[in-house]
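There are 2 protein chains.
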Amino acid sequence: MTVVGDVRVGLLGCGNVGAALARVVDEHADLITARAGARVVITRVAVRDVTRARDVKLPTSVFTDDAAGVVADPEVDIVVEVIGGVEPARALIEAALRAHKPVVTANKELIARDGPELFRIAAEHGVDLLFEASVAGGIPLLRPLRESLAGDRIRRVLGIVNGTTNYILTRMAEDGASFADALAEAQRLGYAEADPTADVEGFDAAAKAAIIATIAFGAPVGPDDVFREGITQVTDDDMRSARSLGYVVKLLAVAEEVGGEISVRVHPAMVPVHHPLAAVRDSFNAVFIEADAVGELMLYGRGAGGNPTASAVLGDLVDAARNLVGGARGATFGELVGKPIRPVGDVESPFYVLMEVADRPGVLHAISGEFARFGVSIKSMEQRGAGDDARLVFITHRAREADMVATLDALRHVDVVHRVGSVIRVVGEDD
Amino acid sequence: MTVVGDVRVGLLGCGNVGAALARVVDEHADLITARAGARVVITRVAVRDVTRARDVKLPTSVFTDDAAGVVADPEVDIVVEVIGGVEPARALIEAALRAHKPVVTANKELIARDGPELFRIAAEHGVDLLFEASVAGGIPLLRPLRESLAGDRIRRVLGIVNGTTNYILTRMAEDGASFADALAEAQRLGYAEADPTADVEGFDAAAKAAIIATIAFGAPVGPDDVFREGITQVTDDDMRSARSLGYVVKLLAVAEEVGGEISVRVHPAMVPVHHPLAAVRDSFNAVFIEADAVGELMLYGRGAGGNPTASAVLGDLVDAARNLVGGARGATFGELVGKPIRPVGDVESPFYVLMEVADRPGVLHAISGEFARFGVSIKSMEQRGAGDDARLVFITHRAREADMVATLDALRHVDVVHRVGSVIRVVGEDD
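Residue numbers (this note's numbering), protein chains in the order written: chain V, 25 to 455; chain R, 25 to 455.
These are calculated hints, taken from the structure and not from any lab test. Some hints could be false.
Unchecked claim - For the chain R half of the interface with chain V, some residues (derived, Cβ under 10 angstroms), not all of them:
id: 1; residue: 123
id: 2; residue: 177
id: 3; residue: 308
Claimed, not checked - Pair ranges (Cβ atoms, derived):
id: 4; chain 1: V; residue 1: 72; chain 2: R; residue 2: 369; range: 54 to 60 angstroms
id: 5; chain 1: V; residue 1: 96; chain 2: R; residue 2: 123; range: 24 to 30 angstroms
id: 6; chain 1: R; residue 1: 306; chain 2: V; residue 2: 306; range: 22 to 28 angstroms
id: 7; chain 1: V; residue 1: 259; chain 2: R; residue 2: 205; range: 42 to 48 angstroms
id: 8; chain 1: V; residue 1: 296; chain 2: R; residue 2: 261; range: 28 to 34 angstroms
Here a beta-carbon is modelled for each residue, glycine too, at the ideal position from N, C-alpha and C.
Using the sequences and the hints, build the whole thing.
What follows is the structure in structure tokens.
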């Protein structure tokens, strides 16, 4: 590939990811030139405060607080957006695409919400819109889904896509920490925000799940289509049960296509200890893909952080630059085709259920009657504790979510059941 | 993307992979058309015996025993080679490239040996030569290395790239089977060949390691540049030691760039039980990548088998078809630049060493003196068994391979050492 003139990049945002990108572009300039077929140069950087000192080797003159001006600048060939949030990112990206400038973005929130509309604008104007960094940070996920599995049919994707909650669950599982203590430690280490809601309630994972489902199944799926349950209710008792039953508790994003319907959900799950996702510890992310031809595939790595995210942005940037140099447009995901979302009540899985019960003969008989009444079949049962501390732990066979909910409602009215404690779906078991 | 005329494929070989490819192309025709921007049609298939019945939905008229004729046929736009072996595959691929026809191949042996020369011919003629399926079957590996990590600097790649040996080692570790029994079981299940040499002696992994190193470091690396040691010497005693010390034994392909030199080797390794590679069981493959920006990355899946390999071939085929339709040439790995191969004696790692010794005072003193003499530092020591069955298990700190070899040679002449048993490198530990 011959090297032509420079490809000039307008960078929107220079926080953690933007600064890391500027550093990598500088440090690996030769490598990037060889691979892109042109020198990639950051010529304009839009920031809120141009006076702030930044750890990047860029002349002060490139900084401006006029983001729209960077997008419109005739000396900017490609726009990289790492501001985050919906506006003004959305308007800036749209303006760039309409000006026929390729866009690379790491913006999970925006792509989850407005991806399909932005893809359409990019296609109309024949330019690249790349967003590998928006899901699972540095892990190459969207490109393999788009290209390597281009001829395969994806059945299901299971993802550990939130590093904060995976860190918390790892501490609970391995150190016996409570949720509160593990969260406090994650906050102390900077893994969790002061307000951890977006992570621990599964909002962050739900946005990523929506993007994964959109790409995997070629259908527009938004955050509101995702059933969502966080990890705040997971107890150390559940962790002990999981270990003794051969499971590990993980917050999973699940996206699957069943009978022409799409189901996307985020919830804690019991994952068999021998499943590759069970070995994903601390703040690492991983995405496990089940497809017709390729079988099982897992992609593992750093889901967040300045450098890993910058690495993903850079991969996209080199791609966009190479396409620009070659006068080509990169691969797209094809046109999205709407598909029905399966109601969560129709989704099937085995369930783990922990109940506080009276410790006397006949209890199991009373409880198992309710399971039977709603057609939920019990696979295993184990008593833990005795007397006032008696609890029963059930693992069911595969059951419809609606039937399980009905069973639990009924159980709450059985007098020997003092309390229905945890209910956690089992995912990843051959069944 | 608008759909133009058909892209016509000439398939060389219709064994396991070729037949699986033909089936997937048929079953997922709509998906492939949408993604490639054209219908992909297999118009010619070269086989040895045209009379043999095959489980594919292709008209008998497309079969021929004239492979060169398929390559030369003006009605063939892309050539897919799944014959395997060096010749005639090499000559056919070269002829296709010189006729400006993109080539997709799954041929590990050929690419490991003649890759750099074939890449040059492809570049000269401005056509795609894609070979994702040649390493780790269905796992997207080469495309992420080429594209997603295009701007990153790769430091080291650790791979479990041979499913047969991983299956054997898993059986030894989990069921306590001996090497011979585990091999026999692998043969019974069809995972191992009647002559298992290529797998158990590491030749298959070495070819893949050469391709990985070539792509990861942009330098021509051939099979002869790979230091190679198989798994036939791994004992159940090593497996027990590994477990008690917190390791799992894996056959690893290791490719790294250190101080401008490249080191590529295949050998059994003690992998810490918490390392993601330790969770790669049975016949699965995985490749663990360490790079500057992205940090740690692992890609996991099926390394062999008709369908997974066909999936990788198909990903390349869609890529090549899309480029053909768009009049573009796909991404390349850039020009290869020769780099020195680091002599294996200069490679450093910690070592596990098991020795049969006399069981009496002063033994450790005599042995540790030899370690000290060659500058090899001991990290831990444990006695196993007693009396005639006494063995010492050592884990060293990081040491030069040449120093370790000198230590072992010296130890063989120490009278309290009855036998130096196993020596296994430790890989993947923070040190």
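>> Given a hint of 22 to 28 angstroms, does the C-beta separation of residue 306 (chain R) and residue 306 (chain V) actually sit inside it?
In response: For residue 306 (chain V) against residue 306 (chain R), whose Cβ atoms are near 25 angstroms apart, the range 22 to 28 angstroms holds.
> Has the hinted range 24 to 30 angstroms been met by the Cβ atoms of residue 96 (chain V) and residue 123 (chain R)?
Replying inline: For residue 96 (chain V) and residue 123 (chain R) the Cβ distance comes to about 47 angstroms; the hint is violated.
> So does residue 296 (chain V) sit 28 to 34 angstroms from residue 261 (chain R), Cβ to Cβ?
Replying inline: holds, 30 angstroms
>> Assuming the hint says 54 to 60 angstroms, is it satisfied by the Cβ distance from residue 72 (chain V) to residue 369 (chain R) or not?
In response: Given about 55 angstroms between the Cβ atoms, the range holds.
>> A range of 42 to 48 angstroms was offered for this pair. Does it hold for the Cβ distance of residue 259 (chain V) and residue 205 (chain R)?
In response: Holds, since residue 259 (chain V) and residue 205 (chain R) (Cβ atoms, about 44 angstroms apart) stay within the stated range.
> Once the shortest beta carbon distance from residue 123 (chain R) to chain V is found, is it less than 10 angstroms?
Replying inline: Where the cut-off is 10 angstroms and the nearest Cβ of chain V is about 22 angstroms from residue 123 (chain R), the hint is violated.
> Taking the closest Cβ pair, is residue 177 (chain R) under 10 angstroms from chain V?
Replying inline: OK, holds: residue 177 (chain R) within 10 angstroms of chain V, min 6 angstroms.
> Close enough to count: is the Cβ of residue 308 (chain R) nearer than 10 angstroms to one in chain V?
Replying inline: holds, 8 angstroms
Hints 1 and 5 from the earlier list are contradicted by this structure; the remaining hints agree with it.
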